[in-house]
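Sequential numbering of the sequence shown, starting at 1, is according to this note's numbering.
Treat the hints as calculated values from the structure; they're not laboratory data. Accuracy of the hints is not assured; some may be wrong.
[Claimed, not checked] Below, simulated EDC-like cross-link-like pairs (lysine to aspartate or glutamate); rule was C-alpha separation at most 16 Å, straight line:
id: 1; residue 1: Lys40; residue 2: Asp61
id: 2; residue 1: Lys304; residue 2: Glu400
id: 3; residue 1: Lys32; residue 2: Glu319
[As the list claims (entries may be wrong)] Cβ pair distances, simulated, as ranges:
id: 4; residue 1: Lys447; residue 2: Ser293; range: 31 to 39 Å
id: 5; residue 1: Phe186; residue 2: Ser244; range: 16 to 24 Å
id: 6; residue 1: Gly307; residue 2: Lys40; range: 34 to 42 Å
id: 7; residue 1: Thr462; residue 2: Phe186; range: 26 to 34 Å
id: 8; residue 1: Ser244; residue 2: Leu189; range: 12 to 20 Å
id: 9; residue 1: Ala114; residue 2: Lys327; range: 46 to 54 Å
id: 10; residue 1: Val497; residue 2: Arg188; range: 41 to 49 Å
id: 11; residue 1: Phe440; residue 2: Thr67; range: 19 to 27 Å
id: 12; residue 1: Asp215; residue 2: Met99; range: 15 to 23 Å
id: 13; residue 1: Ser333; residue 2: Asn279; range: 20 to 28 Å
id: 14; residue 1: Asp321; residue 2: Asn220; range: 49 to 57 Å
id: 15; residue 1: Leu189; residue 2: Thr276; range: 50 to 58 Å
Just so we're clear, the structure is a prediction, and the values are computed from it rather than from any experiment. Heads up, the beta-carbon is just placed ideally off N, CA and C, and yes, glycines get one too.
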Amino acid sequence: MKFQLFSFFCVVFIVSCVRCANILAIFNIPSKSHTILGVKLAEGLIIRGHHVTLASPYDIDPTENLTHIHLKTLKEYKDKMEKTMTKPVSPLQSFLHIMEFMKVLTDLLWQEPAMKKIISEKPKYDALIMGSFYSDALFGLSHHLRIPTILFSCIGANILTNSFLANPNMVYVPHTFIGSPTDTFFGRLYSTTANILTSFVTDMMMDPYQQGILDKYFPNAPPLRDLKRNASLMLLNSHFSIESPRPYVPNMIQVGGFHLQDSKKLPAEIKNYLDTAENGAILFSFGSNVLISSIEENVEAVLKVLGEMAPMKVIFKSELDHKNVPKNIIVKSWLPQAEILGHPNLKVFISHGGLGGTTEAVYHGVPILGIPFFGDQKMNLQEAETAGYAIALPYQEFNEEIFRTKLKEIRNNPKYKENAKKRSALMKGQPVKPMDNAVFWIEHIIKFGGGDHLRNAGMDLTWYQLYMVDIYVFYTVLLCLMCILSYYMLKFSLKLVKRVILVLKK
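Take the sequences, apply the hints, and build the full model.
This is how it looks when you write it as structure tokens:
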């Protein structure tokens, strides 16, 4: 009997070892919220028995079966550029700033000793998980290591993510950086023009730069355009509860909210503060990517209006040392944002509109007053406003009176809370937990050595074939020829009729 039990446990151990994978994950965007997503995904994989090597710009707590590569030079560069990057600018300026920012980050990434070591030693990995945002040279690493590539997008399907897997760009999906409404002709025209320009600028400015990095570190790799077609899968931190419905090809998997859970405890001080907020509380937080110093000229007005909300309590996230803070406000330089949003006394979330914070607010059913600055924030808040659980206040339009009016509206009008609860129910009502879904598809790609069976034929077409430009040109030319032919036939017929009439008159 003992021998049989011993044999059984040996078999179980061997089977579990066979299923264990060694996964390399590179989350190179120097944003704390992005690193948190990488850590949470790694934890989900570790629970399943896998080993994860995670490269990120922020240091993380040591965990069993997790090897961390600290990309500290990327964070150092971000810290230098922080004030420039977080200032409110036009969508075009925002896009160009981000593009230049990502160029420098790409170069710094490959200068990291740990990355050079991976290239030289070629350790055995089973898959590479990499960011999809302007990090294309990483495809050279997966080719170098001969492993499948799994892309991770911090936002939903858009013009940039769609290009990897030939996902259709629909006119009713708002552009990531401008958030233009798509229910009017000029809104659709604006969004379509922005999509075309985004693709053109990416092809002309970013792709050649990434190709140069690829040639430098992987001189024997195929051209970047060919490597990009080998992406096996894309995980997207999105869900229909936080974005407008749009098409997704089979190898694009939505896992929005995979990092969230209900049971985490709040620090004692914050818990006591919220527990005693009998009239409710407001959270003011611009996350990890926008500094309060970037709106320093309006901080006094913000604190004044928040002070007027008493007896409601306010938690205000800021890196600055503020003076004359109203009594109903506490200021913290760091906050467990998701856990605070989960407290039953939290009534309003004042946010910059980042997708991470928006997802957390939706999960916990908290309405949002959003002040967008750059990137996808305007689009996220446009979607949230359309869904009825948020009010957007672009920073360019900010003043004390408008802020006061909009804050009172979202605090006093119950429809925003009701819509937030509805969205929360949609997110929590999924038949499969987002984390389980993410882990399943990663294991699926590893099990089958890639995702060729999920690829659609569009991945092998050129842009003009994919968008049927050649078909439209053919029909346009054909129509023009038919019009020309009809014109000459009509002209000839008229001449013939005239001749017949003349003959009959004679």
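Open item on the list: Please list, smallest to largest, the hint numbers that this structure does not respect.
Closed with: 4
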